[in-house]
Amino acid sequence: MPDARMRTFKVVRVIEHAPLLKSFYVDAPFAAEPGQFVNLWIPGVDEKPFSISDLADGLLELSVKGLGSFTRRLMDVRPGDWLGIRGPHGSPFRLEDNSVLVGGGIGFAPLRFLARRLRDAGLKHRVAIGVRARDDLIFSTELTGYEIASEDGSVGELGRVTGVLEPMLDAARPRAIYAAGPEPMLLAVRDIAKQRGIPAQLSLERYMKCGVGLCGQCCLDGPGARVCVEGPVFEGSALEGVTELGAPHRTASGRRPTRAG
Amino acid sequence: MTDSTAGAPTRLAVVVAGVRLASPLVLASGVLGTSASSMDLVARHGLGAVTTKSFSLDERSGHKGPTLVAFDHGFLNAVGLSNPGWEAATAEIRAFKARSDTKVIASIFGRTAEEYGRIAEHAASAAPDLIEVNVSCPNVASELGTPFEADAAVLGRITGDVKRAAGAIPVSIKLSSNFGVIGRMARVCEDHGADAITAINTVGPGMIIDVNARRPVLSNGAGGVSGPAILPIAVRSVYEVARAVKLPIIGTGGVASAEDALQLVLAGATAVGIGTALYEGLEVVDRVNRGLESYLAREGLDSLDAIRGAAHA
Chain X
818 MPDARMRTFK
828 VVRVIEHAPL
838 LKSFYVDAPF
848 AAEPGQFVNL
858 WIPGVDEKPF
868 SISDLADGLL
878 ELSVKGLGSF
888 TRRLMDVRPG
898 DWLGIRGPHG
908 SPFRLEDNSV
918 LVGGGIGFAP
928 LRFLARRLRD
938 AGLKHRVAIG
948 VRARDDLIFS
958 TELTGYEIAS
968 EDGSVGELGR
978 VTGVLEPMLD
988 AARPRAIYAA
998 GPEPMLLAVR
1008 DIAKQRGIPA
1018 QLSLERYMKC
1028 GVGLCGQCCL
1038 DGPGARVCVE
1048 GPVFEGSALE
1058 GVTELGAPHR
1068 TASGRRPTRA
1078 G
Chain S
13 MTDSTAGAPT
23 RLAVVVAGVR
33 LASPLVLASG
43 VLGTSASSMD
53 LVARHGLGAV
63 TTKSFSLDER
73 SGHKGPTLVA
83 FDHGFLNAVG
93 LSNPGWEAAT
103 AEIRAFKARS
113 DTKVIASIFG
123 RTAEEYGRIA
133 EHAASAAPDL
143 IEVNVSCPNV
153 ASELGTPFEA
163 DAAVLGRITG
173 DVKRAAGAIP
183 VSIKLSSNFG
193 VIGRMARVCE
203 DHGADAITAI
213 NTVGPGMIID
223 VNARRPVLSN
233 GAGGVSGPAI
243 LPIAVRSVYE
253 VARAVKLPII
263 GTGGVASAED
273 ALQLVLAGAT
283 AVGIGTALYE
293 GLEVVDRVNR
303 GLESYLAREG
313 LDSLDAIRGA
323 AHA
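First to last, the sequence lines map onto chains X and S.
This note's numbering puts the first sequence at residues 818 to 1078.
This note's numbering puts the second sequence at residues 13 to 325.
Any given hint could turn out to be false.
[What the hints assert, rightly or not] Derived lysine-lysine pairs resembling DSSO-like cross-links, with alpha carbons at most 27 Å apart:
1. X/K941 / X/K1011
2. X/K839 / X/K827
3. X/K827 / S/K76
4. S/K76 / X/K839
[What the hints assert, rightly or not] To give a feel for the contact side, a few chain X residues facing chain S, derived at Cβ under 7 Å:
5. R822
6. P860
7. A873
8. G875
9. R1023
10. Y1024
11. V1029
12. C1036
13. P1074
[What the hints assert, rightly or not] Covered stretches of chain S, going by a simulated chain X footprint (3 or more residues, C-beta under 8 Å):
14. 64 to 78
15. 85 to 96
Please keep in mind that the hints were generated in silico from the structure rather than gathered at the bench.
Model, not experiment: these values are computed from the prediction.
Note that the Cβ used here is the ideal one computed from N, Cα and C, for glycine as well.
Model the full structure from these sequences, guided by the hints.
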C-alpha cells in the first residue's frame, strides 16, 4: 500500500550540475525501487511528483531541472531546509538481464537509479542518453560507456537519442528496453522496440494530485490506468488501448487542452 | 443501451429514487470521478453506480498541493473543487454512458446559490441517472463562505431550482454532518422536492500540522476528513436522516468492508458510497460485494430491503 502520510526531512546536501539543474539529498528511512516517485512538498509553496534518481547508503536523491515555478523555487532550497515527502509511490521497473536504457533530458533521472540496481544485481545493460546540450547532463563524469546524443552537438553525437539507440540495439540485441523522458521520445522508442519485438518498459508523466490512486487526475484515457499506481512504469503492451498518448496532458482542472496548431 | 444486469437480478440490487443499481455500492464523488476512463476503471469491479467529481459552470484548477494527506485513521483532503467545467464534465458522462452499463450520478456545485439551476440544466443534458447536489464541501470556505447546507432558506431554494431544471432525472442532495442539523436540513430538502439524500460529505474540516515545517500540511490549511475515522459519524448521520425523512439515502463515509456497509444500511441507507477505501486497492469493491452476498445468504434474506433501517426498531 502506498504511504500517503507527509514526512519532513532536512536536506543534507545539494549538488549543482548547472545553474538550473540540481540533485537534492535527504536521509531516507524507507525502501524504494527504480521507477517509483515521491510527492515532494516545499512547505508553504506546493507539492509535485518527482522520480527517484537514486537511493543508496540511506540517502534519497532527487534530480530536478528548474523549468516551472515549483522547480525554480526548488533551486533555492539549501542544506538544512525542510522538505516534505509522501511516498514512494507507483509501480517500479522490472529488472531484466541484457537491457538498454534510453533517457531523454532530465527524464534520465529514474534510469540513473535503475542503472545502479542493475549494476548491483550484476545484470548486463547499456545506456543511451539524449539531451539538448551538454548542460542538461547530470553526473556527467559518471557516464563512462554511455552513448550520448545532443541536439546542438555539444556532447556526444549530434542529433536525437534514437540515432544512437538503433546501432546499440543492433549490437546488443537486448531482451528489454527501458525508457524515460519526453513523451514523443517514449513513443519513438516504443515503436522501435515493437518493430524489433523487444519488450519495452516506459515511464510516463502526467499531472498528479493525490499520488495514491484516489483522485483520478492521472488516469489514462482508454483503460483508465492510474499513472500514480499502475504506472508510472508501463509495459509497452499495456499502453495499446491508451488513446491519449502524445496528446496534451490534462491540466490541474482535469481539462485536456486542445492541441495547438 | 440495454442494462446488462436487468435480466439477471442479484440479491444485491437496490432501487434508489427509481434507479435500479446492480449493487448498493456507489463510487463517492471526488474519488476517481474525473473522466469516463477513470470511472470505468473502478466501475468494472462491480459498482452499482459511479458519481462524477463535482463540476461547476466554469473550469477550476483547485488548490495547490498538498491536496491530500493521510493520518493514522484516514485522510484529509482539500482539492478545492477542481473540475474542467460543465462542458468537458458532461462530455465525460456521455462517454461513460457509451461504454458502461453502470449507472452514473452527476455531482454538481455552484459558487453561488443562483448558479445551481443552470448547472443542473447542463448536467441534465447529459442524461445522468441521478443528479447529486454538492452543497456541503468543507474545503472552499475561504473562497465561497459557509456551505449552502447551513442555511435552510438557501438550501430549499437550491433544491427547488435543481429539481425544476432536472426534469425527470431524480435529485439527491449531499449533506455533511458538520453543522449538527443534518436531520432538519434533510427535511428541508424533502419539502422542496428532493428525491434522495446523500449523507455524508467529508467531516470537519480538520487540520494536520507538520512539526518540522511548523505549518499545516494541506495548502488550504483545513481539509475534509474521510476514511475509517468518520464511519461512526456517517452511521449516526444516516440514522438521523432516516428518522427525519422518508427519502432514500445514499450513505457515505468511511466504508471499507461489508460490515461497514451493513451498518449504514441498518441505519437506513439504501445505497452505500465507497471512496477513500479504494486506496487499499480497487478490489475492495469486489470484496464488499462478496461480503454483502454472504451476509444475505447467511441470514436467508432475498435483498438488503429486508434489513434497511432495522436498527431503528
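Evaluation of the provided hints:
1. At most 27 Å may separate the alpha-carbon atoms for a hinted pair to count; X/K941 and X/K1011 meet this at roughly 21 Å.
2. Distance hint between X/K839 and X/K827 is fulfilled; the C-alpha atoms sit about 16 Å from each other, no more than 27 Å.
3. Of the pairs offered as hints, the one joining X/K827 and S/K76 holds, with about 22 Å between alpha carbons and a cut-off of 27 Å not exceeded.
4. This hinted pair checks out: S/K76 and X/K839 have alpha carbons roughly 23 Å apart, not beyond 27 Å.
5. A least Cβ separation of about 5 Å between X/R822 and chain S falls short of the 7 Å threshold, and the interface hint therefore holds.
6. A distance limit of 7 Å between C-beta atoms decides the matter here; for X/P860 the minimum to chain S is near 4 Å, and the interface restraint holds.
7. Hint status for X/A873: violated, given a least beta-carbon distance of 24 Å to chain S, over 7 Å.
8. Interface hint status for X/G875: violated, as the beta-carbon distance to the closest one in chain S is roughly 18 Å, over 7 Å.
9. Hint status for X/R1023 relative to chain S: violated, with the closest Cβ pair at about 11 Å, above 7 Å.
10. Of the supplied interface hints, the one on X/Y1024 is violated, with its beta-carbon coming no nearer than about 10 Å to a beta-carbon of chain S, more than 7 Å.
11. The criterion of a C-beta within 7 Å of any C-beta in chain S is met by X/V1029, whose closest approach is roughly 6 Å, and the hint holds.
12. Hint status for X/C1036: holds, given a least beta-carbon distance of 4 Å to chain S, under 7 Å.
13. The beta carbon of X/P1074 is not positioned within 7 Å of any beta carbon in chain S (closest approach about 10 Å), and the interface hint is therefore violated.
14. For the stretch 64 to 78 of chain S, the stated coverage by chain X is satisfied: 8 residues place a CB nearer than 8 Å to a CB of that chain, which reaches the threshold of 3.
15. A count of 6 residues in the stretch 85 to 96 of chain S with a Cβ less than 8 Å from any Cβ of chain X is obtained; the coverage claim is therefore met, three being the minimum.
The structure fails to meet hints 7, 8, 9, 10, 13 from the earlier list, while all remaining hints are met.
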